[in-house]
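Undergrad: Full structure from sequences and hints, please.
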Amino acid sequence: MRPRPPIKGRGIFTGTGLILACLTATLAALAYPIWSYEDRSGTGADVLNAETVSTPYGPLSALDREFVTKVRLAGLWELPAGQQAQGKGTTEAVRTAGRHLVEGHTLLDARVRDVAAKLGLALPNEPNDQQRGWLAELNAAQGTEYDWKFANILRLAHGRVFSVVAQVRAATRNSLVRSLADDANATVLDHIQILEATGYVDFDALAREMAMAATPPVTRSPGPPGPVGDPGTVVPLSPSPVPTYTLPPAAASPPSAP
Numbered sequence: 001m002r003p004r005p006p007i008k009g010r011g012i013f014t015g016t017g018l019i020l021a022c023l024t025a026t027l028a029a030l031a032y033p034i035w036s037y038e039d040r041s042g043t044g045a046d047v048l049n050a051e052t053v054s055t056p057y058g059p060l061s062a063l064d065r066e067f068v069t070k071v072r073l074a075g076l077w078e079l080p081a082g083q084q085a086q087g088k089g090t091t092e093a094v095r096t097a098g099r100h101l102v103e104g105h106t107l108l109d110a111r112v113r114d115v116a117a118k119l120g121l122a123l124p125n126e127p128n129d130q131q132r133g134w135l136a137e138l139n140a141a142q143g144t145e146y147d148w149k150f151a152n153i154l155r156l157a158h159g160r161v162f163s164v165v166a167q168v169r170a171a172t173r174n175s176l177v178r179s180l181a182d183d184a185n186a187t188v189l190d191h192i193q194i195l196e197a198t199g200y201v202d203f204d205a206l207a208r209e210m211a212m213a214a215t216p217p218v219t220r221s222p223g224p225p226g227p228v229g230d231p232g233t234v235v236p237l238s239p240s241p242v243p244t245y246t247l248p249p250a251a252a253s254p255p256s257a258p
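First residue of the sequence shown: 1, per the working numbering; consecutive thereafter.
These are calculated hints, taken from the structure and not from any lab test.
It cannot be assumed that every hint is accurate.
Said to hold, decoys possible - Here are the simulated EDC-like pairs of lysine to aspartate or glutamate, each with C-alpha atoms no more than 20 Å apart in a straight line:
hint, residue 1, residue 2
1, 149, 190
2, 149, 137
3, 149, 204
4, 149, 92
5, 149, 196
6, 118, 182
7, 149, 129
8, 118, 66
9, 149, 202
10, 149, 209
11, 118, 51
12, 118, 183
Owing to the predicted nature of the structure, the values given are computational and were not obtained by experimental measurement.
TA: Structure representation (structure tokens):
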């Protein structure tokens, strides 16, 4: 029996099919990342849009809301710390720094409460756990140890918030938050300079702390702003037996949107 002759063109068709298959696979591989990227969620723009709400003063992002909260929290512990320093500081420079803290946060707290009321944001009325710990540490210190702790604890706290103020000022699209960031920037810078003028700031230790503990990630607010009830009278933590400066209520109902 004679062997069957090969079919002409079979090798050509087989080779062509293989080439076409390879080209198809290559094109699919190149196209997949594009399709997958288009379907992705969670990009920076997606997160920004998902956590931003509209207000009469411009879009309000999660970072904006976090910033407003941080300004209020700063006053809740730095104001009584400054008042305490006016009595416990052993040098005129420390007592002057304390006076700057009281004056600066009295004005800044009035601003942040006005902004929060217009945006419908609830504000805290007590320092957080870390701030309570700082106040307790200052309350326990005496003499030159107090001077040193006051200057370094407050300088570290102001250094950390300074970068947050800059980030908000650079990126916010909300006019009220932008104005508040301007006020906060001027206040924080003044406090940094007056604390350094005490002569107690350990810049080497400060640099190490700033390098080891970067700014904490933004805590996302749970929802868009809306009218909030009056949380009542603020009761700031008292670090010493001397009378403390009592802040007004945190927020009022915001005006109706136009």
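Undergrad: Indicate, hint by hint, whether the structure satisfies it.
TA: Results for each hint:
1. Using a Cα cut-off of 20 Å, the hinted pair residue 149 and residue 190 holds, with the two alpha carbons roughly 19 Å apart.
2. For a cut-off of 20 Å, the pair hint linking residue 149 to residue 137 stands: about 8 Å separates their Cα positions.
3. This hinted pair checks out: residue 149 and residue 204 have alpha carbons roughly 15 Å apart, not beyond 20 Å.
4. Distance check on the hinted pair: residue 149 and residue 92 sit about 16 Å apart at the alpha-carbon level, within 20 Å; holds.
5. At roughly 12 Å between alpha-carbon atoms, residue 149 and residue 196 fall within 20 Å of each other, so this suggested pair holds.
6. Proposed proximity of residue 118 and residue 182 is supported: the alpha carbons are some 18 Å apart, at most 20 Å.
7. Annotation: proposed proximity of residue 149 to residue 129 holds, straight-line Cα distance about 18 Å (limit 20 Å).
8. Taken as a hint, the residue 118 and residue 66 pair is honoured in the structure, with Cα atoms around 16 Å apart against an allowance of 20 Å.
9. With a CA separation close to 10 Å, the supplied pair residue 149 and residue 202 stays within the 20 Å bound.
10. Between residue 149 and residue 209, the direct Cα distance comes to roughly 14 Å. Compliance with the 20 Å bound is thereby established for this hinted pair.
11. Restraint check for residue 118 and residue 51: satisfied, since their Cα atoms lie roughly 19 Å apart, inside the 20 Å limit.
12. Taking the CA atoms of residue 118 and residue 183, the gap is near 17 Å; set against the 20 Å cutoff, the hint holds.
Hint check: no violations occur; every hint is consistent with the structure.
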